[in-house]
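Chemist: Residue numbers (this note's numbering), protein chains in the order written: chain A, 1 to 228; chain B, 1 to 260.
Source of the hints: derived by calculation from the structure; they are not laboratory data.
Beta carbons: idealized from backbone N, C-alpha and C, even for Gly.
Any given hint might turn out to be false.
Here are some chain A residues pointing at chain B (derived, C-beta under 8 Å) [said to hold, decoys possible]: (1) Ile30; (2) Val105; (3) Phe125; (4) Ile197; (5) Lys198; (6) Pro202; (7) Ala211.
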Amino acid sequence: MDLMPIFVVIFIFQVFILKQPVPNIGEIAIGTCFVVLGLTLFIQGLEKSLFPIGENLANAFARKGSLPWLLVFAFSLGFGTTAAEPALIAVADEAARIASEGGLVADTLEAQLAYATGLRYTVAFAVGFAILFGVLRIIRGWPVQYLIIPGYMGVVIMTALAPDTIIGIAFDSGGVATSTINVPLITALGVGLASAIKGRNPMTDGFGLIAFAALTPIIFVMAYGMII
Amino acid sequence: MGLINDFFAILLSTSRDILPIAGIIIFFQLVIIRRPFKKANDLLIGVIYIILGMSFFLLGLEKALFPLGSLMAEQLTSPQFINHSGNSPTDVVWQDYLWVYIFAACIGFATTLAEPALIAVGIKAEQNSGGSIKALYLRLAVSVGVAFGISLGAYRIVTGIDLHLFIITGYVIVMIQTLISPKLIIGLAYDSGGVTTSTVTVPLVTALGIGLATAIPGRNPLLDGFGLIAFASLFPIMSVLGYAQIAEWINRRVNQINKR
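Next comes chain A alone, as it looks inside the complex (with noise of 0.2 Å):
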């Protein structure tokens, strides 16, 4: 049912639009049931799996009631998860070849490497620093449009000042720290939190990590580029 409408936009443009024959019927048709299959399995797999652990993890931090470990745990799962997603080695690198075609880099394969994985490092860092900021905000009870306005303006300043090669690449970055499996994790850890913490709403404050997630890469990987 989720997938219907993708087939019917690529059913009608193909045929009457394009007035072309569908290539590979067979094979579009297997791959059709393995996505519909996948997608029935990864959400009874949510909640199974992913949502009660960022609940429970949330819940046995409000008990434990120590701040500096939450924050520690929300700096890993941000940086870790991060670090190690493959989408972003494939725009790092990329990003690489780009800076030594303009010049901004030296065109050896050490030098290509080094900013490939200064910049994975700086997305990474980024998106630990956003969870991080994100659960004190939480905690704190900030109202989440004070934090992401100045950030949106952040954004578009930066844009402005940071050289256009690197443009592209910050705002790729700031998709690729949305992953299917950190995105519903991350949402659970900041509902649960909200509603284990007295006082905290968790529609008001519990959702806003992912925003928090997808912005300050942007921000981050644009000052990378102007400091490199």
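Got chain A; can you put chain B on it based on the hints?
Modeler: Only chain B this time, still in chain A's reference frame:
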């Protein structure tokens, strides 16, 4: 047999993606919190579901949807399909690309609706709002935002209008909406912007952006292609805030009518 090999390759890489997350969680649960996992069996089954589910999902996308979607993006932006009506070959007439905008909107809407991360956020929002936010409506609102954003982004690549102009105007609208929206929805609306740039949407949208930027003279695929992703994460914030405003207004109307 190729299919089975592909499946195992994806299964392996998905498991490897999960390892660092699992490592961090196990470390904190056992060493810092010092308590065993509740219902460890269920958790393990759940994780296996997630890994298998992701693998099937990605394999299916790679086999069926991505190649066809990218091919269509290429065909729709190719000079053979576009009936050029400008006087010289370098004249870009934005009306010529009407089908591209429509395709951009449709594919943005459809892929966002199937985005697993958004499904997860929708479930959480429905559970915690006491049912006042419906998961399906939230996903529809986000999808409408992405559809509009990508379509406008395609128009921007064709006309070559400065990206900053759109982004700055967009953020100003978001700020104004934030001031007048119900407080409950704000965090969720901002999250929706981050979620859309995920597994299903990005590859297809990138293919469309690069196809467009390559086909139009004077555009740079590296600089213009990315603009679409920025649009895809800005407009859902507006549409979700808008959805909340409309829902609140309808509720108020219903209450007024009931009082009478």
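Chemist: Hey, does the Ile30 of chain A contact hint survive, CB to chain B under 8 Å?
Modeler: Ile30 of chain A check passes; min Cβ-Cβ to chain B is 7 Å, inside 8 Å.
Chemist: Grab the minimum C-beta distance from Val105 of chain A to chain B and call the hint holds if it beats 8 Å, violated otherwise.
Modeler: violated (16 Å)
Chemist: With 8 Å as the cut and Cβ atoms as the points, is Lys198 of chain A at the interface with chain B?
Modeler: At 16 Å from the nearest chain B Cβ, Lys198 of chain A fails the 8 Å test, so the hint is violated.
Chemist: Measuring from the C-beta of Ile197 of chain A to each C-beta in chain B, is the shortest one below 8 Å?
Modeler: Since chain B brings no Cβ nearer than about 14 Å to Ile197 of chain A, farther than 8 Å, the hint is violated.
Chemist: Given Phe125 of chain A as an interface hint, is its Cβ closer than 8 Å to any Cβ of chain B?
Modeler: violated (15 Å)
Chemist: Classify the hint on Ala211 of chain A as holds or violated, based on whether any CB of chain B lies nearer than 8 Å to its CB.
Modeler: Since the shortest Cβ distance to chain B is 3 Å, the answer is holds.
Chemist: Is the interface hint for Pro202 of chain A satisfied, with its Cβ closer than 8 Å to some Cβ of chain B?
Modeler: holds (4 Å)
In this structure, the hints that do not hold are numbers 2, 3, 4 and 5, in rising order.
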